[in-house]
Amino acid sequence: MRFSEIKAHLGKFRIGIAGAGGLGSNCAVALARSGIGTLVISDFDTVEPANLNRQYFFTNQVGMMKTVALKESLLRINPDTVVIAHTEKLSSDNIPVIFAACDVVVEAFDSDKMKEMIVETIQIKMPGIPLIIGSGVAGWGKNETIRCRKIDDTLYVCGDESTTADAELPPMAPRVGIVANMQANMVIEILMKKTRDYFHV
Amino acid sequence: MKILLNDREESFDRETLTVSEMLKLKKFSFRMRIIKINGVLISGEDYDSVVIHEGDVVHMLYLMSGG
Numbered sequence: 024m025r026f027s028e029i030k031a032h033l034g035k036f037r038i039g040i041a042g043a044g045g046l047g048s049n050c051a052v053a054l055a056r057s058g059i060g061t062l063v064i065s066d067f068d069t070v071e072p073a074n075l076n077r078q079y080f081f082t083n084q085v086g087m088m089k090t091v092a093l094k095e096s097l098l099r100i101n102p103d104t105v106v107i108a109h110t111e112k113l114s115s116d117n118i119p120v121i122f123a124a125c126d127v128v129v130e131a132f133d134s135d136k137m138k139e140m141i142v143e144t145i146q147i148k149m150p151g152i153p154l155i156i157g158s159g160v161a162g163w164g165k166n167e168t169i170r171c172r173k174i175d176d177t178l179y180v181c182g183d184e185s186t187t188a189d190a191e192l193p194p195m196a197p198r199v200g201i202v203a204n205m206q207a208n209m210v211i212e213i214l215m216k217k218t219r220d221y222f223h224v
Numbered sequence: 086m087k088i089l090l091n092d093r094e095e096s097f098d099r100e101t102l103t104v105s106e107m108l109k110l111k112k113f114s115f116r117m118r119i120i121k122i123n124g125v126l127i128s129g130e131d132y133d134s135v136v137i138h139e140g141d142v143v144h145m146l147y148l149m150s151g152g
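Chains as they are written, first to last, in our numbering: chain A, 24 to 224; chain B, 86 to 152.
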């Protein structure tokens, strides 16, 4: 299949990205480059200098809302992608509203508690919607431990499922980027199997 | 009984087990986890009451901070 055909197909879909940090920003870039029609991105944080070791932001964007900065970059990459930015903190109450009509949702939080919250929320309140989580991205090396595991049609996990980020084992660009791109790759695999041919309003 | 745990067959010397008993027998002590049995998400507060039966398909995954 030619890229023009792939892009035309992916342009029909809407993807939710919960968080615009290391996982979310890099995953969004891969999806925009691939031609996803609409990206719904939610994050309440601003860009800080410490984020630049792995997150898709630039020095002149420090201090900006992450969603605003990311939208600016995504539209420079692919102006055809519609980017809908939300800046409220995500919760079990607003996730079904913010990500309504999304075909797939990508979990891109930092904290394990938030990861647990979104798995429970999407599984219970948005049944049937595939969620792709990132778990285990910290440190460097150990390429062979990073994987993507399908639990079932509604839940996928990318990462090593064993490393926890802390001061002595920080998240860094290569492993975070690998997992973010693995999540994007899984989104595309799911969408390429869908044959739906209508456009989102 | 035999169950499928993360796509691998596991045998237990019991006819049924609660989720909590299974976690204890397998020495799974890490607490940030998601468990699904036959496709249904099991909430942490139900681990003592939900029972695993012969042939059940159990999935468990760990949630690690970092992103």
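Bear in mind the hints are in silico, worked out from the structure with no lab data behind them.
Ideal Cβ placement from N, Cα and C applies to all residues, glycine included.
The reader is advised that the hints may include incorrect statements.
Calculated pairs, DMTMM-like style, for lysine to aspartate or glutamate (alpha carbon to alpha carbon, straight line, at most 20 angstroms) [to be verified]:
no. : chain 1 : residue 1 : chain 2 : residue 2
1   : A       : Lys173    : B       : Asp133
2   : B       : Lys121    : A       : Asp135
3   : A       : Lys148    : B       : Glu130
4   : B       : Lys112    : A       : Glu184
5   : A       : Lys112    : A       : Asp68
6   : A       : Lys173    : B       : Glu130
Some chain A residues well away from chain B (every beta-carbon gap over 10 angstroms; in silico) [claimed, not checked]:
no. : residue
7   : Met88
8   : Val105
9   : Ala108
10  : Asp116
11  : Ile147
12  : Ile152
13  : Ala161
14  : Arg172
15  : Gly182
Coverage of chain B stretches by chain A, computed from C-beta distances (three or more under 8 angstroms per stretch; other residues unrestricted) [what the hints assert, rightly or not]:
no. : region
16  : 122-129
17  : 133-140
Hint-by-hint comparison with the structure:
A C-alpha spacing of about 26 angstroms is found between Lys173(A) and Asp133(B), which places the hinted pair above 20 angstroms, so the restraint is violated. Note on Lys121(B) and Asp135(A): the hinted pairing holds, with a Cα-Cα distance of about 18 angstroms set against a maximum of 20 angstroms. For the hint linking Lys148(A) to Glu130(B), the alpha-carbon distance of about 18 angstroms falls within 20 angstroms, and the restraint holds. Of the supplied pair hints, the one linking Lys112(B) and Glu184(A) holds, its CA atoms being roughly 17 angstroms apart against a limit of 20 angstroms.
Note on Lys112(A) and Asp68(A): the hinted pairing holds, with a Cα-Cα distance of about 9 angstroms set against a maximum of 20 angstroms. Taking the CA atoms of Lys173(A) and Glu130(B), the gap is about 25 angstroms. The hint is violated against a cut of 20 angstroms. Residue placement check: Met88(A) keeps its beta carbon more than 10 angstroms from all beta carbons of chain B (closest about 18 angstroms). No Cβ of chain B approaches the Cβ of Val105(A) within 10 angstroms, the least distance being about 24 angstroms, so the stated non-interface status holds.
At the 10 angstroms boundary, the C-beta of Ala108(A) stays outside the reach of chain B, the nearest C-beta of that chain being 18 angstroms off. Once the 10 angstroms rule is applied to beta carbons, Asp116(A) is consistent with being away from chain B; the minimum gap is 17 angstroms. Under the 10 angstroms C-beta cut-off, the non-interface status given to Ile147(A) relative to chain B is violated; the minimum distance is some 7 angstroms. At roughly 13 angstroms, the least C-beta separation between Ile152(A) and chain B is larger than 10 angstroms, which holds for a residue marked as non-interface.
Not every beta carbon of chain B lies more than 10 angstroms from that of Ala161(A), the smallest distance being close to 4 angstroms; the non-interface claim is violated. Look at Arg172(A): its CB is around 7 angstroms from the nearest CB on chain B, not clear of 10 angstroms, so calling it non-interface is violated. Residue-level check failed: Gly182(A) sits 7 angstroms from the nearest beta carbon of chain B, not beyond 10 angstroms. Taking a C-beta to C-beta cut-off of 8 angstroms, the region 122-129 of chain B contributes 3 residues in contact with chain A, enough for the three needed, and the coverage statement holds.
Check on the region 133-140 of chain B: 0 of its residues sit with their Cβ under 8 angstroms from a Cβ of chain A, so the three-residue criterion for coverage is violated.
In this structure, the earlier hints numbered 1, 6, 11, 13, 14, 15, 17 are contradicted, and the remaining ones agree with it.
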